[in-house]
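Chains as they are written, first to last, in the numbering used here: chain A, 1 to 220; chain B, 221 to 452.
Possibly wrong hints are sitting among the right ones.
Quick list of in silico lysine to aspartate or glutamate cross-link-like pairs, EDC-like style, CA-CA up to 20 angstroms [what the hints assert, rightly or not]:
hint: 1; chain 1: A; residue 1: K154; chain 2: A; residue 2: E141
hint: 2; chain 1: A; residue 1: K62; chain 2: B; residue 2: E269
hint: 3; chain 1: A; residue 1: K118; chain 2: A; residue 2: D52
hint: 4; chain 1: B; residue 1: K279; chain 2: B; residue 2: E379
hint: 5; chain 1: A; residue 1: K117; chain 2: B; residue 2: D343
hint: 6; chain 1: A; residue 1: K61; chain 2: A; residue 2: D20
hint: 7; chain 1: A; residue 1: K187; chain 2: A; residue 2: E92
hint: 8; chain 1: A; residue 1: K117; chain 2: B; residue 2: E222
hint: 9; chain 1: B; residue 1: K410; chain 2: B; residue 2: D355
hint: 10; chain 1: A; residue 1: K61; chain 2: B; residue 2: E269
hint: 11; chain 1: A; residue 1: K118; chain 2: B; residue 2: D343
hint: 12; chain 1: B; residue 1: K279; chain 2: B; residue 2: D376
hint: 13; chain 1: B; residue 1: K391; chain 2: B; residue 2: D376
hint: 14; chain 1: B; residue 1: K250; chain 2: B; residue 2: E310
hint: 15; chain 1: A; residue 1: K117; chain 2: B; residue 2: E336
hint: 16; chain 1: B; residue 1: K279; chain 2: A; residue 2: D52
hint: 17; chain 1: A; residue 1: K118; chain 2: B; residue 2: D418
hint: 18; chain 1: A; residue 1: K44; chain 2: A; residue 2: D20
hint: 19; chain 1: B; residue 1: K350; chain 2: B; residue 2: E363
hint: 20; chain 1: A; residue 1: K63; chain 2: B; residue 2: E302
hint: 21; chain 1: A; residue 1: K187; chain 2: A; residue 2: E202
hint: 22; chain 1: B; residue 1: K428; chain 2: B; residue 2: D418
hint: 23; chain 1: A; residue 1: K62; chain 2: A; residue 2: D139
hint: 24; chain 1: B; residue 1: K391; chain 2: B; residue 2: E407
hint: 25; chain 1: A; residue 1: K59; chain 2: B; residue 2: D277
hint: 26; chain 1: A; residue 1: K63; chain 2: B; residue 2: E269
hint: 27; chain 1: A; residue 1: K154; chain 2: A; residue 2: D139
hint: 28; chain 1: A; residue 1: K118; chain 2: A; residue 2: E170
hint: 29; chain 1: A; residue 1: K59; chain 2: B; residue 2: E269
hint: 30; chain 1: A; residue 1: K118; chain 2: B; residue 2: E222
hint: 31; chain 1: A; residue 1: K61; chain 2: B; residue 2: E302
hint: 32; chain 1: B; residue 1: K428; chain 2: B; residue 2: D355
hint: 33; chain 1: B; residue 1: K279; chain 2: A; residue 2: E92
hint: 34; chain 1: B; residue 1: K368; chain 2: B; residue 2: D238
hint: 35; chain 1: A; residue 1: K187; chain 2: A; residue 2: D52
hint: 36; chain 1: B; residue 1: K368; chain 2: B; residue 2: E379
hint: 37; chain 1: B; residue 1: K350; chain 2: B; residue 2: E407
hint: 38; chain 1: A; residue 1: K61; chain 2: A; residue 2: D161
hint: 39; chain 1: B; residue 1: K350; chain 2: B; residue 2: D435
hint: 40; chain 1: B; residue 1: K410; chain 2: B; residue 2: E336
Simulated from the structure, these hints should not be mistaken for laboratory data.
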Amino acid sequence: MSHTPPHSYPGRLIVVEGIDGSGKSTQMDLLADYLQSRGFGVLKSAWNSSPDISPVIRKAKKKQILTPYAFSLLHAADFSFRYTYEILPAMEAGMVVLSDRYIFTAIARDCARGIPKKWLVSNFRFAIVPDLTFFFRVDPETSYQRITRTRPIKFYEAGMDMNLSTNPRESYTLFQSRVLSEYEAMKDEYGFHVVDATLSLERTQARMRRLLGPIIRSLS
Amino acid sequence: MERTSQYPGLLIAIEGTDGSGKTTQAELLKHYYLSRGVAVVVSACNTVELIRRAISDLKQQNFLDPLTFSFLYAADFVDRFEHQIIPALEAGQLVIAEQYVYTVFGRAILRGIAPEWIANIFDFALVPAKTFYLDLPVESLLERIHWKTRQERFFDYYEAGMDMNLSSRKKDSFVIYQRRLIELYREMAKSYGMETVDAMAPIHRQQKSLRGKIDNLLATHRKGMGLAGGGR
Numbered sequence: 001m002s003h004t005p006p007h008s009y010p011g012r013l014i015v016v017e018g019i020d021g022s023g024k025s026t027q028m029d030l031l032a033d034y035l036q037s038r039g040f041g042v043l044k045s046a047w048n049s050s051p052d053i054s055p056v057i058r059k060a061k062k063k064q065i066l067t068p069y070a071f072s073l074l075h076a077a078d079f080s081f082r083y084t085y086e087i088l089p090a091m092e093a094g095m096v097v098l099s100d101r102y103i104f105t106a107i108a109r110d111c112a113r114g115i116p117k118k119w120l121v122s123n124f125r126f127a128i129v130p131d132l133t134f135f136f137r138v139d140p141e142t143s144y145q146r147i148t149r150t151r152p153i154k155f156y157e158a159g160m161d162m163n164l165s166t167n168p169r170e171s172y173t174l175f176q177s178r179v180l181s182e183y184e185a186m187k188d189e190y191g192f193h194v195v196d197a198t199l200s201l202e203r204t205q206a207r208m209r210r211l212l213g214p215i216i217r218s219l220s
Numbered sequence: 221m222e223r224t225s226q227y228p229g230l231l232i233a234i235e236g237t238d239g240s241g242k243t244t245q246a247e248l249l250k251h252y253y254l255s256r257g258v259a260v261v262v263s264a265c266n267t268v269e270l271i272r273r274a275i276s277d278l279k280q281q282n283f284l285d286p287l288t289f290s291f292l293y294a295a296d297f298v299d300r301f302e303h304q305i306i307p308a309l310e311a312g313q314l315v316i317a318e319q320y321v322y323t324v325f326g327r328a329i330l331r332g333i334a335p336e337w338i339a340n341i342f343d344f345a346l347v348p349a350k351t352f353y354l355d356l357p358v359e360s361l362l363e364r365i366h367w368k369t370r371q372e373r374f375f376d377y378y379e380a381g382m383d384m385n386l387s388s389r390k391k392d393s394f395v396i397y398q399r400r401l402i403e404l405y406r407e408m409a410k411s412y413g414m415e416t417v418d419a420m421a422p423i424h425r426q427q428k429s430l431r432g433k434i435d436n437l438l439a440t441h442r443k444g445m446g447l448a449g450g451g452r
């Protein structure tokens, strides 16, 4: 995908990436309100949300039967479905697409599970390069605390399938550290804008809007 | 894709269109090797229940995007590969895979997917010691599935290639689609070094030739693994 030229769709694609508990979804919601209040058409697309494939993934996760390749391919199917039937039509219609996680999530997570990066990059080479990608950086310990305030850590997000540790918290920290370093390895190649997830909500939102400015102006 | 030689078992694949006799030949091979005391397993393409439901739901709503289908078929294959084929090969069994990755390649390529892209997705799989392609001319395929008398509604929308706008009639679309599929199989048979079997020949002749070839492959494989030749 790094070799793919910029897209020529009338719409714009904005992506937030990072591990859970980094506050990226909250920022995306604020950005959506902001854009809509200014009259822009907005489409939000979230990771693992396609109507027919995501339930399959959820069920398979519950049974804890997914191998790294099966995990990767099912998420790729979910993504390509949303890409074909949600993201591209909105891009063609000149909307601003806000994608909560994009192919970088798949690459970072699946690499952390030991899958060759070359394989993943080739699988996702059909996907256009975003106009703007924000990478929310948070350390796994902080993210663990933020997540567990509202819900328990899940089996796969803790990387429990990797047998790193029998202790979920320890496994989560070890696994998400790997995911994090995969993100770090991609940040220059794909031009991520790093967001310090410990900064205040307002400051982060202000910075995102500032960076969004030129991209939105080129729309009108 | 890697070669299979690292495993004590041997992997053989059988490919071909509908009606080419894959199942019949695979089952006869199983009987033969069982009777000779060779541990053998036939791995057929029994789609995982969860994925099958998703595929049929998508088909029903005409969401037939070839990228998504390629990933779903690959997810289905990886399950069969990791849970059935690999364990059998590790246990030293002869694995007869009825339909392997090339069926998925065919469906995708006919729908405009780049051959290298789909081949890369299946890079985790193993190259069979030999893939037999049961070649059936389209006219005979049509006869075998009773094309003339079969009602329009008994043709699957996707398997008839209706998503490709070949013809507005399912039956006609089916014929065009299968003709193209056979052409593609023949090309793949060449480029992937498959052994073509004339599926028009009498069943027992095809079987005899398959047995002879697989016997040889088994003997060579066992020599390579440092095992004794012949049955167990």
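Comparing the hints with the structure gives:
Note on K154/A and E141/A: the hinted pairing holds, with a Cα-Cα distance of about 15 angstroms set against a maximum of 20 angstroms. Our distance criterion of 20 angstroms between C-alpha atoms is met by K62/A and E269/B, whose separation comes to about 15 angstroms. For the given pair, K118/A sits about 28 angstroms from D52/A by alpha-carbon distance, which is inconsistent with the 20 angstroms threshold. Distance restraint check for K279/B and E379/B: the Cα-Cα separation of roughly 10 angstroms lies within the 20 angstroms cut-off, and the hinted pair is therefore satisfied.
Using a Cα cut-off of 20 angstroms, the hinted pair K117/A and D343/B holds, with the two alpha carbons roughly 12 angstroms apart. Our distance criterion of 20 angstroms between C-alpha atoms is met by K61/A and D20/A, whose separation comes to about 17 angstroms. Annotation: proposed proximity of K187/A to E92/A is violated, straight-line Cα distance about 27 angstroms (limit 20 angstroms). With a C-alpha separation of about 17 angstroms, the suggested pair K117/A and E222/B falls inside the 20 angstroms cut-off, and the hint holds.
Taking the CA atoms of K410/B and D355/B, the gap is near 12 angstroms; set against the 20 angstroms cutoff, the hint holds. About 15 angstroms separates the Cα atoms of K61/A and E269/B, which keeps this hinted pair within 20 angstroms; it holds. Distance check on the hinted pair: K118/A and D343/B sit about 11 angstroms apart at the alpha-carbon level, within 20 angstroms; holds. For the suggested pair K279/B and D376/B, the alpha carbons sit about 10 angstroms apart, so the restraint of at most 20 angstroms is met.
As the CA atoms of K391/B and D376/B are separated by approximately 10 angstroms, the hinted pair is consistent with the 20 angstroms bound. Distance hint between K250/B and E310/B is fulfilled; the C-alpha atoms sit about 18 angstroms from each other, no more than 20 angstroms. A C-alpha spacing of about 16 angstroms is found between K117/A and E336/B, which places the hinted pair at or below 20 angstroms, so the restraint holds. In summary, the hint linking K279/B to D52/A is supported, as the alpha carbons are separated by about 11 angstroms, within the 20 angstroms threshold.
A distance of roughly 39 angstroms separates the Cα atoms of K118/A and D418/B; the hinted pair therefore is violated under the 20 angstroms criterion. About 17 angstroms separates the Cα atoms of K44/A and D20/A, which keeps this hinted pair within 20 angstroms; it holds. For the proposed pair K350/B and E363/B, the alpha carbon gap of about 29 angstroms is over 20 angstroms, so the pair is violated. Distance hint between K63/A and E302/B is fulfilled; the C-alpha atoms sit about 17 angstroms from each other, no more than 20 angstroms.
For the proposed pair K187/A and E202/A, the alpha carbon gap of about 24 angstroms is over 20 angstroms, so the pair is violated. Restraint check for K428/B and D418/B: the C-alpha separation of about 12 angstroms stays at or below 20 angstroms, so the hint holds. With a CA separation close to 26 angstroms, the supplied pair K62/A and D139/A exceeds the 20 angstroms bound. Among the hinted pairs, K391/B with E407/B is inconsistent with the structure: their alpha-carbon atoms are about 25 angstroms apart, more than 20 angstroms.
Under the criterion of a C-alpha separation no larger than 20 angstroms, the hint pairing K59/A with D277/B is consistent with the structure, at around 16 angstroms. Taking the CA atoms of K63/A and E269/B, the gap is about 14 angstroms. The hint holds against a cut of 20 angstroms. Restraint check for K154/A and D139/A: the C-alpha separation of about 18 angstroms stays at or below 20 angstroms, so the hint holds. Proximity of K118/A to E170/A is assessed by CA-CA distance (about 29 angstroms); at most 20 angstroms being required, the pair is judged violated.
This hinted pair checks out: K59/A and E269/B have alpha carbons roughly 12 angstroms apart, not beyond 20 angstroms. Under the criterion of a C-alpha separation no larger than 20 angstroms, the hint pairing K118/A with E222/B is consistent with the structure, at around 16 angstroms. Restraint check: the Cα-Cα separation between K61/A and E302/B comes to about 17 angstroms, which is no more than 20 angstroms; the hinted pair holds. The straight-line distance between the Cα atoms of K428/B and D355/B is roughly 16 angstroms, inside the 20 angstroms bound, and the hint therefore holds.
A C-alpha spacing of about 24 angstroms is found between K279/B and E92/A, which places the hinted pair above 20 angstroms, so the restraint is violated. For the given pair, K368/B sits about 16 angstroms from D238/B by alpha-carbon distance, which is consistent with the 20 angstroms threshold. Distance check on the hinted pair: K187/A and D52/A sit about 32 angstroms apart at the alpha-carbon level, beyond 20 angstroms; violated. For the hint pairing K368/B with E379/B, the CA-to-CA distance comes to about 17 angstroms; that is within 20 angstroms, so the pair holds.
For a cut-off of 20 angstroms, the pair hint linking K350/B to E407/B stands: about 16 angstroms separates their Cα positions. For the hint linking K61/A to D161/A, the alpha-carbon distance of about 10 angstroms falls within 20 angstroms, and the restraint holds. Of the pairs offered as hints, the one joining K350/B and D435/B holds, with about 12 angstroms between alpha carbons and a cut-off of 20 angstroms not exceeded. Between K410/B and E336/B the CA atoms are separated by roughly 16 angstroms; this keeps the pair inside 20 angstroms, and the hint holds.
Violated hints, listed in ascending order, are 3, 7, 17, 19, 21, 23, 24, 28, 33 and 35; each of the other numbered hints is respected by the structure.
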